[in-house]
Structure formats: structure tokens, C-alpha cells
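Trainee: Sequence:
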Amino acid sequence: MLTTAILFFGSERFQVVSPSSTLRALVSEDVTLPASLSPAINAQGFEVRWFRDNFDSPVLLYHNLQIRPEQGRTALFLEELASGNVSLRLQDVRASDRGLYRCFVDSGPWNEEVHITLKVEGHFELPFFVFHKDQQTRLECSSEKWSSQPEVTWRDMNGVDVTSASTITVQRDDEGLLRVSSVIPIKWEFNVFSCLMRSNTVRPTYQICAEIWKVDSSNPITAEEILLCWALNLKIAPGAMCNG
1 MLTTAILFFG SERFQVVSPS STLRALVSED VTLPASLSPA INAQGFEVRW
51 FRDNFDSPVL LYHNLQIRPE QGRTALFLEE LASGNVSLRL QDVRASDRGL
101 YRCFVDSGPW NEEVHITLKV EGHFELPFFV FHKDQQTRLE CSSEKWSSQP
151 EVTWRDMNGV DVTSASTITV QRDDEGLLRV SSVIPIKWEF NVFSCLMRSN
201 TVRPTYQICA EIWKVDSSNP ITAEEILLCW ALNLKIAPGA MCNG
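By full-length UniProt numbering, the letter at position 4 of the sequence shown is numbered 4, and the numbering carries on one by one without gaps.
None of these hints come from the bench; they were simulated from the model.
Careful, some of the hints might be misleading.
With beta-carbon atoms standing in for the labels, derived distance ranges [unchecked claim]: (1) T169 <-> S38: 26 to 32 Å; (2) T137 <-> R24: 24 to 30 Å; (3) R138 <-> T32: 32 to 38 Å; (4) D174 <-> F129: 24 to 30 Å.
DSSO-like cross-link-like pairs, simulated, lysine-lysine; straight-line CA separation at most 30 Å [said to hold, decoys possible]: (5) K133 <-> K187; (6) K145 <-> K133; (7) K119 <-> K145.
Since this is a predicted model, take the numbers as computed values, not measurements.
Glycine included, every Cβ here is placed at the ideal spot set by N, Cα and C.
Turn these sequences into a full structure, and let the hints guide you.
Mentor: Here it is, written out as C-alpha cells:
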């Protein structure tokens with residue numbers, strides 16, 4: 001009966017569809033790239049090939065009722081093939097997994113494919129300050145594990161954008177994620193600096209601020225006090241500052 005059903009459905013035309021052309025995933029998490037047949041026919045006897053750039057180097061190949069995952073981190077929902085579910089399960093997502101995926105389904109007389117773009121985001125860390133005292137006093141704002149470069153904005157105690165006075169460096173780690181560091185020169189007088197790192201994704205904006213105090217102008221090296229305050233801001237109005 002199973003063979004008969006497969007041959008019958010194999011003669012039908014179908015489409016490979018996905019509810020979303022773009023997905024987002026976090027590094028180290030699992031994600032499902034959804035794809036299914038329309039109409040929802042039995043795909044157990046079909047070839048299901050998930051690949052990226054090279055058709056002949058699939059990340060997963062299901063053929064002749066057998067599955068061959070190439071990465072060891074991919075799987076199909078085998079029990080749901082009968083209802084047309086050809087989704088790809090990708091485990092332990094890495095930064096290198098980002099990009100375009102193609103799901104190609106071949107019944108013999110008919111084949112179709114669908115494309116899905118996977119965007120991978122890091123579990124980026126809260127920004128932190130590093131204070132430098134040498135020939136020029138500087139305040140450094142750093143954060144790690146970004147999947148793409150965030151927008152960095154510096155403001156002073158009056159909410160004035162002083163980003164133009166800062167410099168930024170970006171380094172990529174072994175996982176392909178970014179360490180972002182922005183440095184701004186400061187003077188030893190009372191001031192408040194906020195450093196905002198804004199992701200270009202739907203993830204939150206992070207803000208930290210530092211209050212710089214100069215108690216004794218004759219001895220600025222030992223009399224200053226630096227107070228760091230942290231804030232997680234899902235919605236930050238332009239010019240908003242931390243409260244110490």
C-alpha cells in the first residue's frame with residue numbers, strides 16, 4: 001500500500017512553500033527552516049535536498065527512503081514526510097550558517113524548490129567601559145558577540161551627540177562574530193557620557209553611561225571618581241541618559 005500511494009502522489013504536481021523567506025536565529029540555538037508541499041502530499045518516496053551554494057554538496061539529502069545529513073547537525077521530520085513536511089532542522093547554529101538555503105524536492109516527473117535566508121545573530125554581551133589614563137585620557141565602550149556591526153552613539157550630559165570625536169574598531173573572532181570597541185577622549189571635569197549600541201536587527205538597544213567627576217583640579221589623577229551605571233533600554237528616546 002505504501003509503494004502504491006507513493007507512486008500515485010508522485011505523479012501529482014506540487015509546490016514547495018515556506019511561510020517565511022527570512023528567518024533569524026541565535027548562535028548555539030536550534031532552528032527549523034520551514035518548508036512543505038502544496039498540496040500536502042506524501043513526500044516519503046521523493047528526493048528532498050537541502051543545499052546552499054552547491055547543488056552537489058547538500059547540507060542534507062533524503063533519497064530512496066534514506067537520509068544523509070552532511071553536517072551532522074541537520075535533520076528532517078521523517079514522521080511528517082507523509083503529510084508533506086520537508087522542513088530542515090538545524091542544530092547548534094553557528095555564525096557560518098548564515099545565508100541562503102534551498103529546499104529542492106523531486107518526485108521524478110516533477111520538481112520544485114523554495115529559498116529561505118537564515119540570518120544568525122550572536123548573544124551579544126552588554127557593553128562595558130574601560131578607562132585609559134596615559135598621554136590622553138580616554139573612555140572605551142566595548143561589546144562582543146555581535147553578528148553585524150551595531151550603530152554606536154556617544155552623547156554628553158546635555159544629550160549632545162559627540163560621536164564624531166570617537167573612533168571605532170571592529171574585530172572578528174573565530175566564530176565569525178564581532179567585537180566592537182569605540183573610544184572617546186575625555187577631559188577631567190564633571191561630565192556624563194552615554195554609549196549606545198544599537199543593533200540593526202529587532203534585538204534591543206543597549207546603553208551604558210559613565211559619570212566623570214573631578215574633585216581636585218590640582219590632583220586629577222587620584223581625586224577623580226568614576227561611576228558606571230548600566231541600563232537595558234528596549235526603547236530609548238534620542239538624547240536619553242542613564243540615571244546614576
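Trainee: None of the hints should be skipped; say for each whether it holds.
Mentor: Hint check results:
{"no.": "1", "hint": "T169 <-> S38: 26 to 32 Å", "result": "violated (49 Å)"}
{"no.": "2", "hint": "T137 <-> R24: 24 to 30 Å", "result": "violated (40 Å)"}
{"no.": "3", "hint": "R138 <-> T32: 32 to 38 Å", "result": "violated (46 Å)"}
{"no.": "4", "hint": "D174 <-> F129: 24 to 30 Å", "result": "holds (25 Å)"}
{"no.": "5", "hint": "K133 <-> K187", "result": "holds (11 Å)"}
{"no.": "6", "hint": "K145 <-> K133", "result": "holds (27 Å)"}
{"no.": "7", "hint": "K119 <-> K145", "result": "holds (14 Å)"}
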